[in-house]
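**Q** Chains A and B, in that order, give the protein sequences.
Each residue of the first sequence is one higher than the one before, starting from 1 at the first, in this note's numbering.
Each residue of the second sequence is one higher than the one before, starting from 1 at the first, in this note's numbering.
Hints were generated in silico from the structure; no laboratory data involved.
Incorrect hints may appear among the rest.
To be verified - Computed list of lysine-lysine pairs in DSS-like fashion (alpha-carbon distance at most 27 Å, straight line): (1) Lys-6/A <-> Lys-184/B; (2) Lys-62/B <-> Lys-49/B; (3) Lys-184/B <-> Lys-24/A; (4) Lys-387/B <-> Lys-404/B; (5) Lys-2/B <-> Lys-238/B; (6) Lys-62/B <-> Lys-2/B; (7) Lys-80/A <-> Lys-404/B; (8) Lys-277/B <-> Lys-387/B; (9) Lys-277/B <-> Lys-24/A; (10) Lys-213/B <-> Lys-2/B; (11) Lys-458/B <-> Lys-387/B; (12) Lys-422/B <-> Lys-453/B; (13) Lys-387/B <-> Lys-62/B; (14) Lys-458/B <-> Lys-87/A; (15) Lys-453/B <-> Lys-387/B; (16) Lys-238/B <-> Lys-454/B; (17) Lys-151/B <-> Lys-213/B; (18) Lys-458/B <-> Lys-54/B; (19) Lys-80/A <-> Lys-277/B; (20) Lys-87/A <-> Lys-277/B; (21) Lys-87/A <-> Lys-6/A.
As the structure is a prediction and not an experimental result, all values here were calculated from the model.
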Amino acid sequence: MENREKKVLVIGVIGADVHAVGNKILYHAFTEAGFEVVNLGVMVSQEEYIAAAIESNADAIVVSSLYGQGELDCRGLREKCDEAGLKGIPLVVGGNIVIGKQKFEDVEKRFHDMGFDRAFPPGTSPETTIEALRELLHMEG
Amino acid sequence: MKPILLIDFGSTYTKVTAVDVEAEVILGTAQSFTTIQTDINDGLNGALKLLEAKTGHLQYEKCYACSSAAGGLRMVTSGLVPELTSEAAKLASLGAGAKVVGLYSFQLTEDDLQNIQALKPDIFLLVGGTDGGNTECILHNARMLATLPPKFPIIIAGNRTAARECARILKDHPVHVCPNVMPKFGVLNIEPTQQKIRQIFLDRIVQAKGLSKATALLDDILMPTPSAVLQAMELLSKGTEEESGIGDLVAVDVGGATTDVYSMADGMPQGMNTVYKGIPEPFAKRTVEGDIGMRYSIRGIVEAAGIRRIASMAGLSEDRAEELVTYLSQNTDRVPDGDSELTALDYALASCAVETAVARHAGTMEETYTLMGLTYVQSGKNLTHVKQIIVTGGSLIHTENTEKIARHAQYSPAQPASLRPKAADVWVDRTYILAAMGLLSAHYPNVALRIMKKELEKHGYSE
Chain A
1 MENREKKVLV IGVIGADVHA VGNKILYHAF TEAGFEVVNL GVMVSQEEYI
51 AAAIESNADA IVVSSLYGQG ELDCRGLREK CDEAGLKGIP LVVGGNIVIG
101 KQKFEDVEKR FHDMGFDRAF PPGTSPETTI EALRELLHME G
Chain B
1 MKPILLIDFG STYTKVTAVD VEAEVILGTA QSFTTIQTDI NDGLNGALKL
51 LEAKTGHLQY EKCYACSSAA GGLRMVTSGL VPELTSEAAK LASLGAGAKV
101 VGLYSFQLTE DDLQNIQALK PDIFLLVGGT DGGNTECILH NARMLATLPP
151 KFPIIIAGNR TAARECARIL KDHPVHVCPN VMPKFGVLNI EPTQQKIRQI
201 FLDRIVQAKG LSKATALLDD ILMPTPSAVL QAMELLSKGT EEESGIGDLV
251 AVDVGGATTD VYSMADGMPQ GMNTVYKGIP EPFAKRTVEG DIGMRYSIRG
301 IVEAAGIRRI ASMAGLSEDR AEELVTYLSQ NTDRVPDGDS ELTALDYALA
351 SCAVETAVAR HAGTMEETYT LMGLTYVQSG KNLTHVKQII VTGGSLIHTE
401 NTEKIARHAQ YSPAQPASLR PKAADVWVDR TYILAAMGLL SAHYPNVALR
451 IMKKELEKHG YSE
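Given these sequences and hints, build the entire structure.
**A** And the structure:
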């Protein structure tokens, strides 16, 4: 977009999840990495991500979930984005996104099928996510 | 003695208040019908004559006025997302004393344009997008508005990236560019736009509405009446350096057509385990319920509260209540005047009007169980701690039930999620001085504050 060098990310912790620490860390890490970050905090609904992404003309939505219910919470987000005119906006998810011990390849595939561009397992460092975002958003360096 | 004249050109009545700013007393008040169709001075002179009968002849040192005559300050707004920039536009307009007659979100359509033309706004407020955010919507809407004849000024207060281009697109219209009402997500910056609204009101609307004929008499400040009331409430709440205010408050003005609610309170979450959702609301917040009023909007009260509840509160049968509601909607100048049925019905209607309007104004709190335990999700202002309620309007003044009606502004176990004041003193403005004191406050804040504290009548305590 013209007049704007920084890429805009909308971030937040989805659903009835109040884990605020990781959210703060991601906010600082993304800001430090040169992104403009709209942080919705905790207990964010799908509609809030979408409303914020529309107003801020966001380049990507980054969803966190730590309480195991992420898969349920994330279902339908891609379809709602399509409906709201955010066609093709990159969706990224990470954290403890499912319950129990599951092979992450399977989990990743399920999130891909739900329309997420990237899914990250527990313990992913912010740097990994930043790198993935740069790649998704075709950024130099 | 230093007499000052304060005038409120209302939609129905022109109200005049004479104040002695040296003795800090109200010398007298009077009212007469507003005469906007012919010459606004006719109504004013009528009111002044009545006032002079009470006070004797006075040589006024200054004269200030506010107005809601000729439909008040009618505004139409358009924003992007309903809960975000559209809401910011609405808060900005209402807080500037306007009547929001049309509220649009997302891209304007051809049908919307037709409606906007029919609404004949005095000012159009065009917003959308945070700074550096979405430009598509506001540019589209500017292009759409550009096709309309340039009949009203347009304030552009959206994404700053698009502001200049919007102004170019609308070059044939009178446009004013202001800072974005929502520069960042969740941050409001509505004061510059509100100042611009008041300035346009002064420069153009006063002329257009035939009020300028009266301005020969006036020294200063012509502002929309709700704006004057808002200033009075803010002063009463915050106080001045010299004189303390009464603290956080909620004020309700139940009219015949609308009900206005003002709150002066921060209202942000108090508990650690409370998550706030939605845009933060301004300390001085005004809302107007266009469907809640004692006569013209009597149907709205019935729709909100239900005829069954109104009938039972009034001690009437449902059929009889329905019959009387229909009668009052057709005889809008009918007051109870001792009629026991109408007195009872007006009590029920006014109570439900207060309850509905304050519930819509106040925020809500929902309980959610998370893995971390019970968590609260708050949206809108938390007014539970507010200790002062101020009421005005015919149905609250001309009744013995003022306090009982006003108590409906408070928290109710029946609606536990609604964040209304839990325990509060009730004050009543019996002589409609709030707008006048708002006007006076611009030059004599201490006097205005002390007069309000003296004149507002305490009408019941709780706790």
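**Q** Run every hint past the structure and note whether it holds.
**A** We went through each hint and held it up to the structure:
Between Lys-6/A and Lys-184/B the alpha-carbon distance is near 14 Å, which keeps this suggested pair within the 27 Å criterion. Distance check on the hinted pair: Lys-62/B and Lys-49/B sit about 18 Å apart at the alpha-carbon level, within 27 Å; holds. A distance of roughly 18 Å separates the Cα atoms of Lys-184/B and Lys-24/A; the hinted pair therefore holds under the 27 Å criterion. Annotation: proposed proximity of Lys-387/B to Lys-404/B holds, straight-line Cα distance about 16 Å (limit 27 Å).
Proximity of Lys-2/B to Lys-238/B is assessed by CA-CA distance (about 26 Å); at most 27 Å being required, the pair is judged to hold. Restraint check: the Cα-Cα separation between Lys-62/B and Lys-2/B comes to about 9 Å, which is no more than 27 Å; the hinted pair holds. Restraint check for Lys-80/A and Lys-404/B: not satisfied, since their Cα atoms lie roughly 47 Å apart, outside the 27 Å limit. For the proposed pair Lys-277/B and Lys-387/B, the alpha carbon gap of about 25 Å is at most 27 Å, so the pair holds.
Restraint check for Lys-277/B and Lys-24/A: the C-alpha separation of about 17 Å stays at or below 27 Å, so the hint holds. For the hint linking Lys-213/B to Lys-2/B, the alpha-carbon distance of about 25 Å falls within 27 Å, and the restraint holds. For the given pair, Lys-458/B sits about 13 Å from Lys-387/B by alpha-carbon distance, which is consistent with the 27 Å threshold. A distance of roughly 22 Å separates the Cα atoms of Lys-422/B and Lys-453/B; the hinted pair therefore holds under the 27 Å criterion.
Among the hinted pairs, Lys-387/B with Lys-62/B is inconsistent with the structure: their alpha-carbon atoms are about 35 Å apart, more than 27 Å. The suggested pairing of Lys-458/B with Lys-87/A is violated, with an alpha-carbon distance near 58 Å, which exceeds 27 Å. At roughly 15 Å between alpha-carbon atoms, Lys-453/B and Lys-387/B fall within 27 Å of each other, so this suggested pair holds. Taking the CA atoms of Lys-238/B and Lys-454/B, the gap is about 16 Å. The hint holds against a cut of 27 Å.
Distance check on the hinted pair: Lys-151/B and Lys-213/B sit about 22 Å apart at the alpha-carbon level, within 27 Å; holds. For the hint pairing Lys-458/B with Lys-54/B, the CA-to-CA distance comes to about 25 Å; that is within 27 Å, so the pair holds. Annotation: proposed proximity of Lys-80/A to Lys-277/B holds, straight-line Cα distance about 20 Å (limit 27 Å). Our distance criterion of 27 Å between C-alpha atoms is met by Lys-87/A and Lys-277/B, whose separation comes to about 25 Å.
Taking the CA atoms of Lys-87/A and Lys-6/A, the gap is near 20 Å; set against the 27 Å cutoff, the hint holds.
Hints 7, 13, 14 from the earlier list are contradicted by this structure; the remaining hints agree with it.
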